[in-house]
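Visitor: Chain residues, written in single-letter form:
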Amino acid sequence: MTTKEIKIYRDLMGANEVWAAKTRVLLAQKRVLMINLIGSPGAGKTSLLEGMGVQLDKKMKFAVLEGDVETTRDAERIREIGVPVSQLLSGGACHLEAKLVHYALQDLDLEHLDLVVVENVGNMVCPAEFDIGEHAKIAVLSVAEGDDKPLKYPLLFQQAKAAVLSKMDLLPYVPFDLPACRKYIQQVNAKLPVFEVSALQQEGLGGFMRWLCELKS
Amino acid sequence: MHEFSICGLLLKALTEEYDAIEPAPAGLKSVTIVIGELHQIVPDYLQGAWAALTADTDYGGAELILEFQASHGICPACDWTGTISPPLFVCPTCKIPGVELSAGKELFIRKIEIKT
Ligand SMILES: Nc1nc2c(ncn2[C@@H]2O[C@H](COP(=O)(O)OP(=O)(O)OP(=O)(O)O)[C@@H](O)[C@H]2O)c(=O)[nH]1
Ligand SMILES: [Mg+2]
Ligand SMILES: [Zn+2]
Numbered sequence: 001m002t003t004k005e006i007k008i009y010r011d012l013m014g015a016n017e018v019w020a021a022k023t024r025v026l027l028a029q030k031r032v033l034m035i036n037l038i039g040s041p042g043a044g045k046t047s048l049l050e051g052m053g054v055q056l057d058k059k060m061k062f063a064v065l066e067g068d069v070e071t072t073r074d075a076e077r078i079r080e081i082g083v084p085v086s087q088l089l090s091g092g093a094c095h096l097e098a099k100l101v102h103y104a105l106q107d108l109d110l111e112h113l114d115l116v117v118v119e120n121v122g123n124m125v126c127p128a129e130f131d132i133g134e135h136a137k138i139a140v141l142s143v144a145e146g147d148d149k150p151l152k153y154p155l156l157f158q159q160a161k162a163a164v165l166s167k168m169d170l171l172p173y174v175p176f177d178l179p180a181c182r183k184y185i186q187q188v189n190a191k192l193p194v195f196e197v198s199a200l201q202q203e204g205l206g207g208f209m210r211w212l213c214e215l216k217s
Numbered sequence: 001m002h003e004f005s006i007c008g009l010l011l012k013a014l015t016e017e018y019d020a021i022e023p024a025p026a027g028l029k030s031v032t033i034v035i036g037e038l039h040q041i042v043p044d045y046l047q048g049a050w051a052a053l054t055a056d057t058d059y060g061g062a063e064l065i066l067e068f069q070a071s072h073g074i075c076p077a078c079d080w081t082g083t084i085s086p087p088l089f090v091c092p093t094c095k096i097p098g099v100e101l102s103a104g105k106e107l108f109i110r111k112i113e114i115k116t
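Quick mapping for you: the protein sequence lines, in order, are chains U and G. Once you know that position 98 of the first sequence is 98 in the numbering used here, the rest is easy, because the numbers rise by one and skip nothing. Once you know that position 18 of the second sequence is 18 in the numbering used here, the rest is easy, because the numbers rise by one and skip nothing.
Next comes chain G alone, as it looks inside the complex:
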């Protein structure tokens, strides 16, 4: 249930960006966030938190769009790079564990759509 806390942090970051837009927008249409595959975030819970925390605010009715980022890794032993499937960080070529993550831990706002 940490989705509520994460949504609270999202709103903080979003508001700082939104309030800085000149001229002030007429409203928010959507916000798109990128979630790395390794995060254990339940989309439905996050959407529920978004609906609850934005109701009766300037963002009420705005859409939360989730984009998921697959995990990519690099094998330090053989330089293989590619998509990995957590939980296994084992190199598909040389079969050695220890693949280093190059993508999959992201958690950021990518874009917003405002009403003008």
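If we strip away everything but chain U, and leave its shape as in the complex, we get:
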């Protein structure tokens, strides 16, 4: 048997990238901004969306795509506050891929929307690897998880366009060094804007939403 070597140089994520590119075209046509919320299970992503639903309603029309491994519980929470929502079940996978998101987007009334928020499957590692055609990945980190997470999961903080530090109301009760965490974030991604938010107490959401409005325009 003889063998022959062939040089290739081909992007491995190509099949995912094709769908992400289609999504970018669709979003540009409809002038819709899409963001991708990424954070560990229980970081407070759905609660952040609930808070945004209360405050954003008048300024920006938005819809939510809920990514979960199982159950429609998060989608039901969003529907309850009157925001259009579709549930995406990843079927066991630890992240969403571009094709599924693209099909789900087509089922939304994009003509009448300004913003689509995708809540990715709760996980700090895998979703950061996949482009779903979003304009911005947003890292969500709760103060209950520890201040060193930006150093332990640098890819997410490298790829993100903003970070939300959630559950700020818990700060007095947990050993979380806020200045250290901000320094770690800066060491990983010097330009990353950081928003301190408590969805429970409806605090700090304004700054994040102003940033979203600027991103939109």
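None of these hints come from the bench; they were simulated from the model. Even for Gly, the Cβ is constructed at its ideal location relative to N, Cα and C. A portion of the hints provided could be inaccurate.
Cross-link-like lysine-lysine pairs, in silico, DSBU-like; alpha carbons within 30 Å at most [to be verified]: (1) 161(U) <-> 105(G); (2) 105(G) <-> 216(U); (3) 12(G) <-> 7(U); (4) 152(U) <-> 29(G); (5) 4(U) <-> 105(G).
Calculated Cβ distances over 12 Å to all of chain U for the following chain G residues [what the hints assert, rightly or not]: (6) 43; (7) 44; (8) 47; (9) 48; (10) 51; (11) 52; (12) 54; (13) 57; (14) 68; (15) 70; (16) 72; (17) 79; (18) 80; (19) 81.
Chain U side only, calculated, beta carbon under 8 Å to chain G, not exhaustive [unchecked claim]: (20) 11; (21) 13; (22) 14; (23) 15; (24) 60; (25) 94; (26) 97; (27) 106; (28) 110; (29) 126; (30) 154; (31) 158; (32) 187.
Dock chain G with the ligands against chain U, hints included.
Guide: Same frame as chain U, but now just chain G with the ligands:
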């Protein structure tokens, strides 16, 4: 566990290349991919996915070779260039964060070895 999905994407890209080879090869001996250091891919999981997804296919028994690419960066403040150690993107010369990545995010097929 995104290694399974990544392996699925690898197989898609590989098959498009492999099927286009003329004359058709007698088999695949190996595929070499380059992984930037910033990717959080566990080599053992990726190898496991490769073994599982290629068993009983034309690629069964072919070797998956992983090459890792270290991170390189450029400092916009002082033009320093060199190897950086994630997670810290801090310039070793002027100590300012904000080093821009010039290598470390790659994920591509570099070469394949076919049986003729
Ligand atoms: N104290 C406090 N608790 C919060 C806050 N935001 C969320 N929580 C609580 O944290 C828990 C998880 O919140 P979720 O919003 O469901 O988190 P998630 O990131 O959507 O979780 P998954 O979708 O399962 O990954 C719930 O019990 C929330 O009530 C906050 O600002 N302060
Ligand atoms: Mg949730
Ligand atoms: Zn420098």
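Visitor: Next, verify each hint and record whether it holds.
Guide: Comparing the hints with the structure gives:
| no. | hint | verdict |
| --- | --- | --- |
| 1 | 161(U) <-> 105(G) | holds, 17 Å |
| 2 | 105(G) <-> 216(U) | holds, 27 Å |
| 3 | 12(G) <-> 7(U) | holds, 17 Å |
| 4 | 152(U) <-> 29(G) | violated, 36 Å |
| 5 | 4(U) <-> 105(G) | holds, 28 Å |
| 6 | 43 | holds, 15 Å |
| 7 | 44 | holds, 15 Å |
| 8 | 47 | holds, 15 Å |
| 9 | 48 | holds, 15 Å |
| 10 | 51 | holds, 18 Å |
| 11 | 52 | holds, 15 Å |
| 12 | 54 | holds, 15 Å |
| 13 | 57 | holds, 17 Å |
| 14 | 68 | holds, 14 Å |
| 15 | 70 | holds, 14 Å |
| 16 | 72 | holds, 14 Å |
| 17 | 79 | holds, 16 Å |
| 18 | 80 | holds, 15 Å |
| 19 | 81 | holds, 17 Å |
| 20 | 11 | holds, 5 Å |
| 21 | 13 | holds, 6 Å |
| 22 | 14 | holds, 5 Å |
| 23 | 15 | holds, 4 Å |
| 24 | 60 | violated, 31 Å |
| 25 | 94 | holds, 5 Å |
| 26 | 97 | holds, 7 Å |
| 27 | 106 | violated, 22 Å |
| 28 | 110 | violated, 27 Å |
| 29 | 126 | holds, 4 Å |
| 30 | 154 | holds, 3 Å |
| 31 | 158 | holds, 7 Å |
| 32 | 187 | holds, 5 Å |
When each numbered hint is compared with the structure, violations occur for hints 4, 24, 27, 28.
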